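Going by the working numbering, the sequence shown opens with residue 1, and the numbers climb by one from there.
FYI, nobody ran anything at the bench for these hints, they're computed from the structure.
None of these values were measured; they are calculated from a predicted model.
Among the hints, erroneous ones may be present.
[Stated by the list, open to error] Pair by pair, the computed Cβ-Cβ distance ranges are:
hint, residue 1, residue 2, range
1, D97, G42, 34 to 44 Å
2, F73, R14, 31 to 41 Å
3, D49, A92, 40 to 50 Å
4, G42, P72, 18 to 28 Å
5, I26, S88, 36 to 46 Å
6, R59, P13, 37 to 47 Å
7, D74, I26, 30 to 40 Å
8, D97, E31, 17 to 27 Å
9, L105, V79, 20 to 30 Å
10, P47, S88, 14 to 24 Å
11, G41, W89, 19 to 29 Å
12, D99, V16, 27 to 37 Å
13, R17, V70, 17 to 27 Å
Note that CB positions come from ideal geometry on N, CA and C, so glycine has one too.
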Amino acid sequence: MSTTDIPIGETGPRYVRLQVELVLEITGSEELTDAALDQLGGDEYMPADERQHAESSVRQDESEALAYLVDPFDLVTSVPGIDMVQASWSCAHTEYDPDSDEWDLYDDEAADDEDDDEDSADAEADAEGKEPGGR
Numbered sequence: 001m002s003t004t005d006i007p008i009g010e011t012g013p014r015y016v017r018l019q020v021e022l023v024l025e026i027t028g029s030e031e032l033t034d035a036a037l038d039q040l041g042g043d044e045y046m047p048a049d050e051r052q053h054a055e056s057s058v059r060q061d062e063s064e065a066l067a068y069l070v071d072p073f074d075l076v077t078s079v080p081g082i083d084m085v086q087a088s089w090s091c092a093h094t095e096y097d098p099d100s101d102e103w104d105l106y107d108d109e110a111a112d113d114e115d116d117d118e119d120s121a122d123a124e125a126d127a128e129g130k131e132p133g134g135r
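All chains, full assembly: derive it from the sequences and hints.
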C-alpha cells in the first residue's frame, strides 16, 4: 500500500491546509515601517541590492512593511506534532466595512449550518421514501 492509499485513521503522512485571513487596522504607520526597516537591517543573509529594494517598498507601503514582519512559520513553530511543508502569504490594502455582509465571517458558518440541516432533512426524507424538501 502506498502512502497515497492510506485511509484516515492509519499511520502515515497527513497534510492539512490551514487558511487564515486577517484584517488589520494600521494604527501606527511610522512604528510599523520602523519595525520592518529594523528587521530588514538585521537580516544578515539579504543581499545589499535586495535590501535596498525592500527598504524602499517598506517606506512606500505599510502592507509591504507588514509582509516583512509577519511570518507564517512563527505562527506554528510551537505547535507539537507538525512540520511546516510550505507557506506563502501576502498583504494588500483593502476596503473594510465592518457592517457589510461581505465581512461577516459568521454568516458563512450560519449558511453552512443551514445547508447541513437541509442535507440532513433530505437524507431523512430519502430514508423514509419521501421526496426531499417534504414534498
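Against the structure, the hints come out as follows:
1. At roughly 37 Å, the beta-carbon separation of D97 and G42 lies within the given 34 to 44 Å, and the hint holds.
2. Judged by the Cβ atoms, the range 31 to 41 Å given for F73 and R14 is violated: they are separated by roughly 19 Å.
3. Checked against the given bound of 40 to 50 Å, the beta carbons of D49 and A92, roughly 25 Å apart, lie outside it.
4. Taken as a hint, the range 18 to 28 Å holds for the pair G42 and P72, whose Cβ atoms sit roughly 20 Å apart.
5. The beta-carbon spacing between I26 and S88, approximately 22 Å, falls outside the hinted interval of 36 to 46 Å.
6. Range check, R59 to P13: Cβ separation about 43 Å, and the 37 to 47 Å hint holds.
7. Our hint of 30 to 40 Å for D74 and I26 is violated, since their Cβ atoms are close to 20 Å apart.
8. Between D97 and E31 the Cβ separation comes to about 25 Å, which falls inside the hinted range of 17 to 27 Å.
9. Against the hinted window of 20 to 30 Å, the Cβ-Cβ separation of L105 and V79 comes to about 23 Å, which satisfies the hint.
10. Taking the beta carbon of each, P47 and S88 are about 21 Å apart, inside 14 to 24 Å as hinted.
11. Judged by the Cβ atoms, the range 19 to 29 Å given for G41 and W89 holds: they are separated by roughly 21 Å.
12. At about 33 Å, the beta-carbon gap between D99 and V16 stays in the expected band of 27 to 37 Å.
13. In this structure the hint that R17 and V70 lie 17 to 27 Å apart at CB holds, the actual value being about 18 Å.
The structure does not agree with the numbered hints 2, 3, 5, 7 stated previously, though it agrees with the rest.
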